[in-house]
Structure formats: C-alpha cells, structure tokens
Amino acid sequence: MPHSWQTCHASRSPHPWLAALLFVLLPLQALHAAEQQYSINLKNADIREFITMVSSMTGKSFVVDQRLKGKVTVISNTKMGPDAIYELFLSVLRVQGYAAVPAGEVVKIVQQVLAKQSGNPNDFQRRDSEEIITRVITVRNTSAVELVKTLRPLVPQYSHIAGLNEPNALIISDHAANIQRVEDMVARIDIADSSSVEIVQLVEAWVEDMVALLEQLAPEQIGKSAKGPNRVTVVASERTNSLVLKGQPETLAKMKALITELDVPANRSGTVQVFRLAHSDAKDMAELLKGLVSEGGSDPKQGAGVDVPVSIQADEALNALVIRANPATQAELTDIITRLDVRRLQVLIEGAIVEVTTDFDRTFSSELGIGDAMSSTTPIGLTRPLGTISQLLQSLATGTAAVPTLDSAPTIGAGRQSENGVNFAAIIRALSTNRDTNLLSTPSITTMDNQEAKIVVGQQVPFRTGSTVTGSQGATNPFTTIQRQDVGLTLEVTPHIHDGEVIRLEIRQEISEVSQSGNSNIGSGGSADLITDRAEIVTTVLANDGEIVVLGGLTRDKETDTESGVPGLRKVPVLGRLFKDTTTKREKRVQMVFLRPTVLRTGESMATEVTRKYRGIWEVEIEGTGVPEGVSNLFNGERP
1299 MPHSWQTCHA
1309 SRSPHPWLAA
1319 LLFVLLPLQA
1329 LHAAEQQYSI
1339 NLKNADIREF
1349 ITMVSSMTGK
1359 SFVVDQRLKG
1369 KVTVISNTKM
1379 GPDAIYELFL
1389 SVLRVQGYAA
1399 VPAGEVVKIV
1409 QQVLAKQSGN
1419 PNDFQRRDSE
1429 EIITRVITVR
1439 NTSAVELVKT
1449 LRPLVPQYSH
1459 IAGLNEPNAL
1469 IISDHAANIQ
1479 RVEDMVARID
1489 IADSSSVEIV
1499 QLVEAWVEDM
1509 VALLEQLAPE
1519 QIGKSAKGPN
1529 RVTVVASERT
1539 NSLVLKGQPE
1549 TLAKMKALIT
1559 ELDVPANRSG
1569 TVQVFRLAHS
1579 DAKDMAELLK
1589 GLVSEGGSDP
1599 KQGAGVDVPV
1609 SIQADEALNA
1619 LVIRANPATQ
1629 AELTDIITRL
1639 DVRRLQVLIE
1649 GAIVEVTTDF
1659 DRTFSSELGI
1669 GDAMSSTTPI
1679 GLTRPLGTIS
1689 QLLQSLATGT
1699 AAVPTLDSAP
1709 TIGAGRQSEN
1719 GVNFAAIIRA
1729 LSTNRDTNLL
1739 STPSITTMDN
1749 QEAKIVVGQQ
1759 VPFRTGSTVT
1769 GSQGATNPFT
1779 TIQRQDVGLT
1789 LEVTPHIHDG
1799 EVIRLEIRQE
1809 ISEVSQSGNS
1819 NIGSGGSADL
1829 ITDRAEIVTT
1839 VLANDGEIVV
1849 LGGLTRDKET
1859 DTESGVPGLR
1869 KVPVLGRLFK
1879 DTTTKREKRV
1889 QMVFLRPTVL
1899 RTGESMATEV
1909 TRKYRGIWEV
1919 EIEGTGVPEG
1929 VSNLFNGERP
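Under this note's numbering, the residue at position 99 of the sequence shown is numbered 1397, and the numbers go up by one with no gaps.
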C-alpha cells in the first residue's frame, strides 16, 4: 500500500525500505540540527507502521497492545513539528478506537474502553491534548452525585465519570480536551449559593394559615413540588408567629410584599359567631344553612391548619344562630344570612262577595163547598176536599167549636147555614209577594309573602254523624253522635309576589248556610239531618298590585207556574177561575266574588291601609240603596 512522508529537504520516495531508513536517520540528525518539519500523507498504511513513524519523528517510546491492528489514511499538506505530529497521532488513534495513555517514560497504546483504567491522574500538563487521563475534580457548593446526572450525557460512552459524597468530588477518565470541557462546566455550575434568608414577623395572621394560603397561591414556588430558581423555602415558627423564608433576593422581595398584603386584620375574630335575626325564623334558617354546608366536616378548599368543623345551631328563645366555622366559611354564611334576613313583603287581600236575590210569588185560589148539617160526615160537595171550607163545614156539621187556621194570605169568604141543614160556603184567596235581597260580604286578611292565610266567619252547626237506639244485650241506651262544622264564609289564600308587582294568588273561597226551605221536613219522610247550601271557588289567578280581579260568579233564573182545580169546570171562561188555583213563582239570584290584593312593602304602607280601613267603618251607608258607580266601591261597604 503506498504511503509517503516528506521533510523540508526531501521529496516523495516510492520505496518503503528507503522511507524506513530515513525515519531512523532523521531523528539522529535532529539532535544536532534545528527542529525538523514534516509533511505526512498516508493511504491505507498499517497502524503499527504509523506508530513506528511517529515514534521516530517525536522521539517517544510506545508500548503497543498486541490487539492493535488497522489501516490508517492521513492526508495533510501542512508541515508540522514533533509536537503537532504527536497530536495528529492521538487524533488518528481516537478515530481508530484507541487511546494513548502516558505511563512514565513510555506511552501505552490501548483500546479506548480500557483507557479509563490506565489514565495517569497527575499527567495533565497539556489541557488540549487527546491523551486519555484520569482527573479528580473537587466540588465545593454542589452535590457531586447530583452533578453526575447532569454531566453523564455530555461525555463519551467509553469515558468514566463518578461522584463521591466524601469527599465531595468527581472522578473522570477521558481525553484531556474533554476533561477540560467538563471542568469548565463544573466551574460554572459549582457556584456558591446566592440564596438569602429572611424572617417575616406576622402581626394579624396565624403562621399555619399563612403557609397554607401561600402554598395555594404559588404552588410552583412553595411546597414539596416547588422547583426551579424561584423556589422559596418557607418554615413556620409557631412560637414566635413568624415565617422564615429562604430563596433568591428578588423572589423573596416579591414574597414579602405578598405576605404584607395578606397580614391584615380579619373582618371577624374567632371561629364562633352569633347572628341575631331580625326578620327570619332561626330554626328555618338553620335548616337551610345546614343544607349548604356539610355539618361536622371541614371546608375542603382550605389547607392544613385551618380545618374547622362546621356547626350551625338555632336558639329559638333569642331567634339567633350560633355558627362555628373557619373564617372563609363564616364570611360566606354571613353574606347568605344578610341576604335572606330581610323584611318580608306582606299582602292585604280584600274580598267582596255580592249576592242579589229577587223573588216574586203570585197566588190565586178559590174554594166552594155544600154540606148537610144533619150528617156528621164530610160535606157532600167540595172543590177542594182537604181545603179550608171542608174543615169549616165539617166543624159546623159536628158542632165542633174549633175553627181551622186560615192561611196568612188575604182571604174573602162567604157562607150560609139553612134551616133544613144544608150549608154552603165560598172562599177566595189572592196573594202577590215581592222579595228583594242584597247581601254584601267584604272579608279582608293580611298575610306575608308565600304564607297561607285563612279567615272563617260564621257558625259551628252540629250535624248528626250516627245514632244507636239499642245497646248491648238488648239494653236500651239510645245516643246520637254529632260533629260540628263551620257554616258561613271561609277564605283561604296564599300569595306569591313576583318582581314586586305581579301577585299569584292560590285561593279557596267558600260560602255555606243552613237551608231554610230544605230543613222544614227533617225526620220521617224527609231529610235525615240539616241541609246546607254551599258555594265554593278554588282557583289560582295573577293580579297586579291593587288590581281588582273577578274570581267567579253565578246567575240563576228560576220560574215555576202551578195550576190545580176541578177538571172540566176550571176550563169554563170566567167562571172557571172559581174552580181552580194558580200559583206563579219567579226567582233570580246573582252571585259574584271580587278580590283585590295590595302589597305592603313597609310599615308606613301598613299604617296607611289600617287608617283607610278604620275610616271606612264609619263611612258605610247602611241604608243606601243606590247602585255603586264602580266595583271598587264594594270594598268601601256600599251595597249593589
């Protein structure tokens, strides 16, 4: 394989044996002459021949590993001295996977993976050399073991680097140039700690609370997971209620400013507070608040040192709440209580129940009768066998002094008793009745928003619910069970105020009374007990403040015509009226229910309504018969 070298006086030689001879002679000449300059160009030369050539040029002695083999190619047009040639030689060895390890007067040529075990720790005169050496680097401010984790990826795989705790040092075997680079990096990293220590005395806040708050505000700077140059170590001194801070001066300055802003007087002291309620019920308020917090637990948002079990109790005697919680929860509950403990709106509900009844009755009847005074039986001729004349003639025939009771209707009667015992009589009755009834009820009631109210005006009437005549074992022990029920006017209402103006009313209104006509035949053949007339309205309406609404009403017309008399004769013109009875009934009933809600927002509005109602008592026109101009006058007591 061709290879060549040149001196400053020789040109390229084509014969290897001549080149070898020149390499032997040239070093000898160098002892007596100036330093020679060499130009080396090799192509696929044996590495052992290359080592021999370098030894001749540099005067160094080499101990070559027997496993050393390979080809070397060097192309260079630059003339070099012995030192430069030796550095070129080290670079070629490194490329081939070998290293030169100084060992006293000789240089060992070994594989790179074994060079770290043969390095000379004292031979480090040439820092830019490619020689494999071992170096001990003392570390003063940083942990050597931790530095290994950082430096390991930066050195070659064949190099060796290890950290020692005692002494705090690094051991590295590598090329001298690499070791110099590692030593420069260690010098930059291994600097004195510039952290400062500050003590912050707390005045208002408790140290444990402050530490927990700071860990929540800046977890990347404070706490176990904090890392980086801005990391701050915080130690709480409970004995002095102070914080010990360690970190960079700039970071500590910002942290101290934050602590100063947080170390302010609390809005309230302690963990137990008593709240006197002005408008709400303590028991109801306590139940509501217990549903918002977990009683007996702690606020999960708070850190260590601030966990306080939450307890809410109601003092019904003082209408107060006793709350035990941490300050943050106390603040939230206080805000809720302040918003809920407000004066509730009230609603004045006025009703007007109007009932107008008109009845017209007209009755015309006549009776004729002929009797025999000699007979003790009933008369022999009558238009009404059970009428008044029948009773009169029978009394005359029997000599009874009792005279039957006549109707209250106007009556015209005539009669005659002859000597031969034949009696006759006639009665004519005519009646026209007009009845007008005006009934006005104006119930009113005041209640709070969302609170049900009820007013009952009437009587408690007993009703039979059961009776027993015969007791046990045939004993006679009659008794009757009764139950009293309200009969009269009942008004139940629940107002719901929306947006301060619109009112939703849930209403139940009932009017009941004992029937006058249906209770006249209680007993055998009639009703078993009292009969009541009842009218009820159940509805939900919307009304504005002060607006009158109609809940409902009923208009009923009833007309009854009755005619009775003697068949055939009652059809005779004119005279037929003497043989028949006619009755005409006309009944008209109108019922209407009105309601007016008024929102009472303040005590002054309540006083105004009380004054208005009080004055209205004296302004009612009891004898008034005129029709009111408007429905609103009904609420002032005017009759329709």
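Calculated directly from the structure, the hints in this document are not laboratory data.
C-beta atoms are modelled at their ideal positions from N, C-alpha and C, and glycine is treated no differently.
Take these hints with a grain of salt, some might be off.
[Unchecked claim] Listed next, with one range per pair, are the computed distances between beta-carbon atoms:
(1) P1865 to R1832: 17 to 25 Å
(2) T1436 to E1506: 37 to 45 Å
(3) R1832 to N1736: 15 to 23 Å
(4) V1446 to E1506: 34 to 42 Å
(5) S1389 to V1495: 27 to 35 Å
(6) G1395 to T1448: 22 to 30 Å
Enumerate the violated hints, using their earlier numbering and listing them in ascending order. Failing hints, ascending: 1 and 5.
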